[in-house]
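S.K.: Take a look at the letters that make up each chain.
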Amino acid sequence: MSLVYAKNDWYAIAAADEMTLGQQRQTLLLGTPLTVTATDEGVVVRDDQGKTYPYQIKFDHVWTALGDAPRALFDIPEGDEPGRRCVPCGVVRVKCSPLRAVENFLDIAHFPFVHTDILGAEPHTEVEPYKVEIREEQDEVWATKVRFFQPKAAKSAGSGITTEYEYRVPAPTVAVLYKTCPPKPEAQDVIAIFVQPRGEEECDVWPWMALYDDESSFEELVQFQQEIFLQDRSILENQLPHRLPLDPKMEIPTRADMTSVAYRRWLKKRGALYGAMTEVA
Amino acid sequence: MSFTLYNWVLSGNCYKVRLLASLLDVAYETVAVDFHPGQQHKSEAMLALNPAGTLPVLVAGDLVLTETPAMLAWIAATFDPSGRWWPTNDARAMAEVMEWLAFSSALTATSGEARLKAVLDRPIDLPKALAGAERCFRQLEQHLVERRFGGGVWLVGDHPTIADIACFPYVALSPDGGLEHDAFPAIREWLYAIRGLPGFKTMPGIHELHELREGEAVHG
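Those protein sequences? They're chains A and C, same order as listed. In terms of this note's numbering, the first sequence has 270 at position 270, counting the first letter as 1, and numbering is strictly consecutive. One gets this note's numbering by counting positions in the second sequence from 1 and adding 281 to each.
If we strip away everything but chain C, and leave its shape as in the complex, we get:
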């Protein structure tokens, strides 16, 4: 069982899928979609596949997924036999992960939008998007501080989950849109923890941890 990802290399949402696949060591095919400047995600062929005209789109046989959280859940459920990345056996953990999956959409709608304005000059209200992103970041920071007090590193439980992957890109990429991480120390720690995961994959704007050498990963 594998899948095809309709992909734009600079999209944070496409990156979520690439990142999880890399962490779980899953091979897959990509089809490059020219989101910019071609607007190809709104082309007839792409709209036939995904009427919402968004990226990414994941196709596995006759399964077509257009929402990133659904893709992450499907990939984890299919390729992670340990069940830790998408903890369906634990009602509470599963529900908490779903909370953060919903929160990741708010990050896309604020930090992600700010980035589209700053990088591609899309018609977006930048101050409004940044203010929204900052509100999201404060909520995330508070949660991560509380988690730290309890000895936790990840958003939910004692292992990274698809919640971390769903929230990571548009937090990590926020400096692209003009929101720096300096005021959010717990968020910075969490970003480092994710970047230190074995199998971590970068995207433009998210750099590798050069200071980490083999065998010294923060979290195994």
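Next comes chain A alone, as it looks inside the complex:
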């Protein structure tokens, strides 16, 4: 049941710039082994039985869907804005539920403790009230008016600033954040994670950014994001239970967890249960 739902979403399964002619990548999506091959007629996504699947190139990645009736892939229009630098950050494997990877990305309260002196610092640990909504029209979770003090909010940030965030979940295994862009205050930087569920408790995570930053080298931008993401990895791998609990009786949220609460409700309502547990085990 949960697998049927999951199969009709699109997932990033390869970096577009690594798929040059003749290149091949073996991977696993929702338990299905796939071979992604770059041919002169485009990318071919094939399983072990020889069945091929559709693909599209978006946000510097190759996306595929395994189901017969995939839902439309969401858009991130900022990615096409002239002047932005799009930075695919490579793939990192994490032994955790794909939903936990997304939920962690939506959490602000851990910044001072896990991303110390970068995204947060003690004693600035308070999460001020913010707004969470499910936008029915787009069927997305949004958290807005999130404000947080950050010592080094971005590679381009010289010193500590209060950063404004908006979070968006456009698909069960994708999280996008929009945050104050230090060198261009009227615009927002966009940082996303595209989570490729290998199984219910293992995923490949593809971080991606669309930034205004003319100063930093590409290498510095990638490493800034990799450093932050790897600070989360060991914590994600140790979260219990391994699957994301959707039964409200299982965990007691605080006010700072409103985004997580909305995300979990939204998953449950849609039946997006791949990587989740729905009742007390």
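Derived from the structure by calculation, the hints contain no laboratory data. The C-beta atom is built at its ideal place from N, Cα and C for all residues, glycine as well. There could be a bad hint or two in this list.
[Said to hold, decoys possible] Here are some, though not all, of the chain C residues that point toward chain A, as calculated from beta-carbon distances under 7 Å: (1) 290; (2) 291; (3) 318; (4) 361; (5) 400; (6) 404; (7) 485; (8) 486.
[As the list claims (entries may be wrong)] Facing chain C, from chain A, some residues (calculated, C-beta under 8 Å): (9) 91; (10) 93; (11) 116; (12) 183; (13) 214; (14) 217; (15) 219; (16) 223; (17) 226; (18) 227; (19) 231.
[What the hints assert, rightly or not] Here are the simulated lysine-lysine pairs, PhoX-like style, with alpha carbons at most 25 Å apart: (20) 268/A to 131/A; (21) 95/A to 409/C; (22) 7/A to 269/A; (23) 152/A to 398/C; (24) 398/C to 95/A; (25) 184/A to 51/A; (26) 131/A to 95/A; (27) 249/A to 269/A; (28) 409/C to 398/C.
The hints should help you fit chain C onto chain A, whose structure is shown.
M.R.: For chain C alone, coordinates are given in the frame of chain A:
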């Protein structure tokens, strides 16, 4: 005298240099090298600097170092006037440190490789790498237990040396690759001791000791 480190933020070997520089309060420049996904350490420019195509690379004037133990020795000899981190005045201690510097390469080749497989899906035989890491850990555990019996905390002598710094990262990071520390109590104590050093610097996967407050460091 300072230096430039060609650096990848997630590399345990690059971290050895960053950590020692931090402990000795040495300022230096870094150049970010995109090891993943860019494979930039194998680029023409990097191969011209280091034909082995490995990271880190340390450049100080016309000196180019490509082996981490050599970098640690050079940094300690240059920036530690006490001579305790690289004890060249004591033949026995110096030789023992060199033993552990060699051992650190075995840690990179086992625990470090397991981590590359688990995190970046590099084509590596994970069970073999983990089995090798466990053998290394047993040897290290036994040594540290014996040291404890004699009142010692560090791998060699009564002060931390570059041997501790060389061995620390790929032991501390082994849970990334799937080898936990639970079965190695003496190793855990040693990891805590290093994390408690004044000037200690973290890297992703190695967390700060939040429970330590100022003035309460384990070892000064």
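S.K.: For every hint, state whether the structure bears it out.
M.R.: Quick rundown of the hints versus the structure:
1. 290: 4 Å, holds
2. 291: Interface hint status for residue 291/C: holds (6 Å vs cutoff 7 Å).
3. 318: 3 Å, holds
4. 361: Hint violated; residue 361/C Cβ to chain A Cβ min 26 Å, cut 7 Å.
5. 400: At 6 Å from the nearest chain A Cβ, residue 400/C passes the 7 Å test, so the hint holds.
6. 404: 10 Å, violated
7. 485: Cβ of residue 485/C sits 3 Å from chain A, so the hint holds.
8. 486: Because about 5 Å separates residue 486/C from the closest Cβ in chain A, which is inside the 7 Å limit, the hint holds.
9. 91: 7 Å, holds
10. 93: For residue 93/A, the interface hint holds, since the closest Cβ of chain C sits about 5 Å away, which is under 8 Å.
11. 116: 6 Å, holds
12. 183: Cβ of residue 183/A sits 19 Å from chain C, so the hint is violated.
13. 214: For residue 214/A, the interface hint is violated, since the closest Cβ of chain C sits about 16 Å away, which is over 8 Å.
14. 217: With a closest approach of 6 Å, the residue 217/A hint holds.
15. 219: Holds, about 4 Å.
16. 223: 4 Å, holds
17. 226: 6 Å, holds
18. 227: 5 Å, holds
19. 231: Status holds, d = 5 Å.
20. 268/A to 131/A: 20 Å, holds
21. 95/A to 409/C: Satisfied, since the Cα-Cα distance of roughly 19 Å is no more than 25 Å.
22. 7/A to 269/A: 17 Å, holds
23. 152/A to 398/C: 30 Å, violated
24. 398/C to 95/A: Distance of about 12 Å is within 25 Å: holds.
25. 184/A to 51/A: 47 Å, violated
26. 131/A to 95/A: With a Cα-Cα distance of about 31 Å, the restraint between residue 131/A and residue 95/A is violated, given a limit of 25 Å.
27. 249/A to 269/A: 16 Å, holds
28. 409/C to 398/C: Holds, at roughly 11 Å.
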